[in-house]
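Trainee: Bring the two chains, given one by one in their own frames, into a single complex with the hints.
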Amino acid sequence: MPQPRFDELRERLLRAGIAPRHVRRYVGELRDHFDDLVREDLSKAMSRDAAETAARTRLGSEGDLAGVMLARPALRSLTARYPWAVFGVGPVVLLIAGLVAAVAIEMQALHLATLLLPNPAHRLPPEGAMQIVAAWNGIATLVAPLGIAGLLCFMGARQRMPARWIFAGVVIACVLGGFQRLSFADNGYHGEMMLGSGLLPPFPRDLLAAGIWRALIDLALVGGAWWILLRRGSSPA
Amino acid sequence: MTGSSFMNGVPELLILRLLEQQEMYGYELVQAIRARTGDAISLGEGVVYPSLHALEREGALKSRRKLVNGRTRVYYAVTAKGAKHLAGLVRHWSHITAAITRAIGETRHAAATL
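If you're matching them up, the sequences are chains A and B in order.
First residue of the first sequence: 97, per this note's numbering; consecutive thereafter.
First residue of the second sequence: -19, per this note's numbering; consecutive thereafter.
Chain B on its own, in the form it takes in the complex (with noise of 0.2 Å):
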C-alpha cells in the first residue's frame, strides 16, 4: 500500500506507536516501519523526515543529537503531548478498521447467502 488520500495520517500513527517504544534516527525508524508492517506499507525512505519535523513542530516530538560510531545522528522521541496525539490516532484508526472488517464480513456473509 502506498501513498493516497486514504492512507493519510498512517505515516504518523506509525511513527509516533514506534517512537514511543524507544528513541530512533530516520534510518531506523524507515527500517521498523518495513519490519513491522512485513513490507505492506512501504513510504519513500526519504518522505519520513517532513513528517518527523513537522510532528516536532507540533510538539509531538522532540529530537536531540547523538554521536554513534563518529556520525552525528538526529534522535526523535515522542513527548507527552505525542502520547495523547497517538492514542487519539490509535482510536479513530481502530474505529475505522472495525468498521471495514464489519463490512468486508457482511459482505462475505451475503455473497454466502447467495
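With the rest of the complex left out, here is chain A (with noise of 0.2 Å):
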C-alpha cells in the first residue's frame, strides 16, 4: 500500500478556501505522521502492509481530517473569503501605486541626472538616456497590467477560485492598464513628462484607440498563457 499522497483532501481544502500555505503545510505535516506511524509498528515486528492500514486509521479518515480543517474559518484565505477585494480592487489599486511608483522613481532619477550632469549648452540629451526612460515607462505602462494580470491569474488559480472571478481581475488589470500612457520628452530647455488615460476626461481619441487595442492585446496574451498552462496540466497550487 503506497504512502497516502493526500490529493483529494488538498483540493477539497483548496476549494473550500483553506489558505494554500496551511494546505501544503498540513498535508506535509499528514505524510510526515503517516511515516511515523508506520515505522513505529515496524519497529514492533509488524508487516508493512498491516503498519500502512493500522497507520491510515489512527491519522483519521479524509472527511474527518478535512471536517476539522474546514471547521476553522479562520484558516481561510483573504483571496477566498474577500475575492471581491483581491480581483476586483486589487487590479485597481495595484496599477495606481505601480504607476505612482514608476513616475516617482523617475522624476528623482532625471532630477539626479539634471543635478549630476549640467546641462548650460541645452543639448537634447543622448539617445540612449532617452531610450532607457521610454523602456522605463514601457515597464510601467505595457509590462505592468500584465504582470498584475498574470498574478491574479497565478493566485486564483492557486486558491481554486472560481474562473468569474479570475476573469474579471484579468479584465480589470488589462483595460485599464490598457488605456494608460506614460512618456517623456526633452527639448534640452526642459523636459516633460506625461501621464494620461484613455478612460479620463477628456477621453482623447488617440489614447482611446491605442487604448483599446492593447487591451486586446493584453486580454489574448493573457488568455494564451491561460490556455497553454492548462494544455500542459501545471497547477501553480
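FYI, nobody ran anything at the bench for these hints, they're computed from the structure.
Model, not experiment: these values are computed from the prediction.
Heads up, the beta-carbon is just placed ideally off N, CA and C, and yes, glycines get one too.
It is possible that some hints are incorrect.
[Unchecked claim] Only pairs whose alpha carbons sit at most 35 Å apart, straight line, appear in this in silico DSBU-like list of lysine-lysine:
hint, chain 1, residue 1, chain 2, residue 2
1, B, Lys42, B, Lys64
2, A, Lys140, B, Lys46
3, A, Lys140, B, Lys42
4, B, Lys42, B, Lys61
5, B, Lys64, B, Lys46
6, B, Lys61, B, Lys46
[Said to hold, decoys possible] Here chain B is said to cover these stretches of chain A; the calculated rule only asks that three of the stretch's residues, wherever they fall, bring their Cβ under 8 Å from a Cβ of chain B:
hint, region
7, 146 to 156
8, 230 to 239
[What the hints assert, rightly or not] Here are the computed distance ranges between Cβ atoms for each label pair:
hint, chain 1, residue 1, chain 2, residue 2, range
9, A, Asp145, B, Val48, 22 to 32 Å
10, A, Thr153, B, Gly39, 51 to 61 Å
11, A, Leu312, B, Asn49, 54 to 64 Å
Mentor: As C-alpha cells, then:
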C-alpha cells in the first residue's frame, strides 16, 4: 500500500478556501505523521501492509481530516474570504500604485541626472538615455498590467477560485492598464512627463483607440498563456 | 473520551500545556497526549494539526522548521500570549472539574443517605 498523497484532501481544502500555505503544510505534516506511525509499527515487527493500514486508521479518515480543517474559518485565505477585494479592487490599486511608484522613481532619477550632468548648452539628451526612459515607461504601462493579470491568474488558480473571479480581475487589469500612457520628452531646455488615460475626460481619441487595441492584445496574451498552462496540466498550487 | 461539544477546548488545553514544557512536532505531541492521558483522550491523530495551525495564527504558538535525522520537522512552541491563554483555559477547566467533582460527591452522598 503506497503512502497516501492526500490529493483529494488538498483539492477539497483549497476549493473550500483554506489558505494554500496551510494546506501545503497540513498535507506535509500528515505525510510525515503517516511515515512515523508506519515506522513505529514496523519496529514492533508488524508487516508493512498491516502497519500502513493501522497508520491510516490512526491518522483519521480524509473526511475527518478535512472536517477539522474546514471547521476553522480563521485558516481561510484572504482571497477566498474577500474575492471582490482581491480581484476587483486589487488590480485597480496595484495599477495606480505601480504608476505612482514608476513616476516617482523616474522623477527622482531625472532630477538626479540634471544635478549630476548639468546641460548649460541646452543640448538634446543622448539617445541612449531617452531609450532607457522610454523602456522604463513601457514597463510601467505595458508590462505592469500583464504582470498584474498574471499574478491574479496565479493567485486564483492556486486557491482554486471560480473562473469568473479570475476573469474579472484579468479584464480589469488589462482594460485599465491598456488605456494608460506614460511618456517623457526633453527638448534640451526642459523635460515634460505626460501621464494620461483614455478612460478619463477629455477621452483623447488617440489614447482610446490605442487603449482598445492594447487591452485586446493583453487579454489575448493572458488568455493564451492560461490556455497553454491548462493544456500542459500544470497547477500553480 | 472522544469528540463531543463537551470536549471543546480540551485539545487546545492539552496542546498548550505540553508545548509549554518543550517544543515538539505533531507526532511527538500526539504521543505525549496519549501518554499523559493514559489513552483516556484519543484524538484522530491527524486532527491535531488544524488546532496547531489555528493556535499559531492566533499567536499562541510559534513554529520553526528543524532538520532532524535527515527530515524536516515543523516544531511548535508556546509564545507569551499562548502562556496567558493557557492560564485562562486551566482556570476554566479547573472550575468545571471542581464543580463536577462536587456534583458527583453530592450525588454519592445522597445515594448513601438513602
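Trainee: Under 8 Å between beta-carbons, do enough residues of the region 230 to 239 of chain A, three at least, approach chain B for the coverage claim to hold?
Mentor: Violated, because only 0 residues of the region 230 to 239 of chain A bring their Cβ atoms closer than 8 Å to Cβ atoms of chain B.
Trainee: Check the hint pairing Lys61(B) with Lys46(B) against an upper bound of 35 Å on the C-alpha distance.
Mentor: holds (23 Å)
Trainee: Tell me if the straight-line CA distance from Lys42(B) to Lys64(B) falls inside 35 Å.
Mentor: With Cα atoms ~14 Å apart, Lys42(B) and Lys64(B) stay inside 35 Å; holds.
Trainee: Run the distance test for Lys140(A) versus Lys46(B): straight-line Cα separation, threshold 35 Å.
Mentor: Roughly 27 Å separates the two Cα atoms, so the pair holds.
Trainee: Is 51 to 61 Å a correct range for the gap between the Cβ atoms of Thr153(A) and Gly39(B)?
Mentor: violated (34 Å)
Trainee: Please check whether Asp145(A) and Val48(B) have a Cβ separation lying inside 22 to 32 Å.
Mentor: Taking Cβ atoms as reference, Asp145(A) and Val48(B) lie about 27 Å apart, which means the hint holds.
Trainee: Straight-line Cα separation of Lys64(B) and Lys46(B) no greater than 35 Å?
Mentor: holds (26 Å)
Trainee: Count the residues of the region 146 to 156 of chain A whose CB lies closer than 8 Å to any CB of chain B, then report whether that count reaches three.
Mentor: holds (count 3)
Trainee: Is the gap between the beta carbons of Leu312(A) and Asn49(B) within 54 to 64 Å?
Mentor: holds (57 Å)
Trainee: Take the C-alpha atoms of Lys42(B) and Lys61(B), compute the straight-line distance between them, and say whether it is at most 35 Å.
Mentor: holds (10 Å)
Trainee: Check whether the Cα positions of Lys140(A) and Lys42(B) lie no farther apart than 35 Å.
Mentor: This hinted pair holds, its Cα atoms lying about 34 Å apart.
When each numbered hint is compared with the structure, violations occur for hints 8 and 10.
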